[in-house]
Amino acid sequence: MSPQSLFVIVILTVITGFTDARGFVHVAAMWDGSTFVPGAAAKAVGYFAVGIPAYMATIYFLRRHGLAVAELQVMFWFLITVVGVA
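Mapping to the working numbering: the sequence shown position 84 is 99, numbers consecutive.
There's no promise every hint is true.
What the hints assert, rightly or not - Simulated restraints on C-beta separations:
#1 G81 / A43: 34 to 42 Å
#2 M90 / A64: 20 to 28 Å
#3 V23 / E86: 15 to 23 Å
#4 V52 / I26: 29 to 37 Å
#5 S49 / L94: 29 to 37 Å
#6 A85 / V65: 16 to 24 Å
#7 A56 / V89: 20 to 28 Å
#8 F51 / G81: 43 to 51 Å
Bear in mind the hints are in silico, worked out from the structure with no lab data behind them.
All figures in this text were calculated on a predicted structure; none of them were measured in a lab.
Quick reminder that beta carbons are idealized off the backbone N, C-alpha and C, glycines included.
Please take these sequences and the hints and turn them into a complete structure.
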């Protein structure tokens with residue numbers, strides 16, 4: 016695997032983790048008691064709309080380099096997501 020490919024995979028994983036973390040934070044703020052907060056919902060959808068394609072692109076690059084399993088990428092994603100939510 017070339018350094019450029021590794022760089023792309025790492026950057027996409029960071030983007031995925033960060034955007035999903037922000038999405039999770041906004042989903043948690045989507046309800047204020049029993050009142051729906053559309054702005055928080057829209058932000059959550061926006062972050063997930065970036066995070067999901069970034070995850071798909073990450074898996075594409077991993078598979079292109081013969082890494083057919085996503086466990087390693089998910090471990091890094093989870094770490095970034097936990098830090099992003101905290």
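Name the hints, by number, that the structure is in violation of.
none
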